[in-house]
Amino acid sequence: MLPMNHVIALSAILFTIGVLGVATRRNIIVMLMSIELMLNAVNLAFVAFNRIWAQVDGAPALDGQIFVLMVIAVAAAEVAVGLGILLAMFRNRDSVNVEEVDLLKW
Amino acid sequence: MSAETILFYVFAILAVVSALGMVLNTRNTVASAMSLVVTMISLGAIYLLLEAYLIAALQIMVYGGAIVVLFLFVVMLLNLATDEFPPGRQRIVKLAVAIAGVAVLAQVLVALDRQPLFAAQPETVPEGFGGYRQVGISLYTDYVLLVEMAGLLLLAAIVGALILAKRKID
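Taken in order, these protein sequences are the chains called A and B.
Residue 846 is where the first sequence starts when you use this note's numbering, and the numbers rise one by one after that.
Residue -5 is where the second sequence starts when you use this note's numbering, and the numbers rise one by one after that.
Bound conformation, chain A alone:
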């Protein structure tokens, strides 16, 4: 049995690293990768909590792991669409610097 407090702490640390990546980097590819890292941190918390509450009335309870599967599906969709947007943006601007894409900023 792993020390569960430390598993949740690892999840929090990875999430914070992802937040820092999104907040401080300007390369949109690295920002997308940081978002993936945050999704993974949440997945780790889901799996850890599912391991803590592994059974309900003697039967295995796997709701956390089902959630992780859904998060993986959403992450795959998000990466496909995000990289499509990135390709269109690179074609128009010739750059992946997010500060050059500020048309919607007032």
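Read the hints as simulated data drawn from the structure, not as lab findings.
Nothing false has been slipped in among the hints.
Using 20 Å as the maximum straight-line C-alpha spacing, the simulated EDC-like pairs for lysine to aspartate or glutamate come out as follows:
1) B:K88 - A:D947
2) B:K160 - A:E923
3) B:K88 - A:E945
4) B:K88 - A:E944
5) B:K160 - A:D939
DEER-style ranges, computed between Cβ atoms:
6) A:V943 - B:I93: 17 to 25 Å
7) A:G903 - B:V4: 30 to 38 Å
8) A:V946 - B:L148: 20 to 28 Å
9) B:L1 - A:K950: 42 to 50 Å
Quick caveat, the model's predicted, so the values are computed rather than measured.
For glycine and all other residues, C-beta sits at the position ideal for the given N, C-alpha and C.
Guided by the hints, dock chain B onto chain A, whose structure is given.
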């Protein structure tokens, strides 16, 4: 300390170091993506230690394989091996966000340290926990609507990505 716990700490340190390497590497985008692979595979190993076997396999296949390959593909397609931007604006905002993030993290870690949250956890898991059979039964009985919604979402994502990546929309 059991062997499992030692392995957990090894992979946890590996995951944190490579995640930091991904975020802090401002010179080489390919190296950032490779650091992300190390993080994903370390997390896969931690899922194995948490007895989520199907999730561990999917983590390594989908994240370590497909998603990072997609990132590398785009990096190489756009020829972005180096990423050097001129110094940016809004330093203060970024610094504030970074400090706020680290403060919240410190709060969470202190709370976890004070509270022995999970004292009543079971040492053993039920038969078949986390294997493909149990997860599949759960997925196709209780959560079958969720599976169909995920399928619809992925279809929409495929169509959206195709339209976005197309050079001209006729």
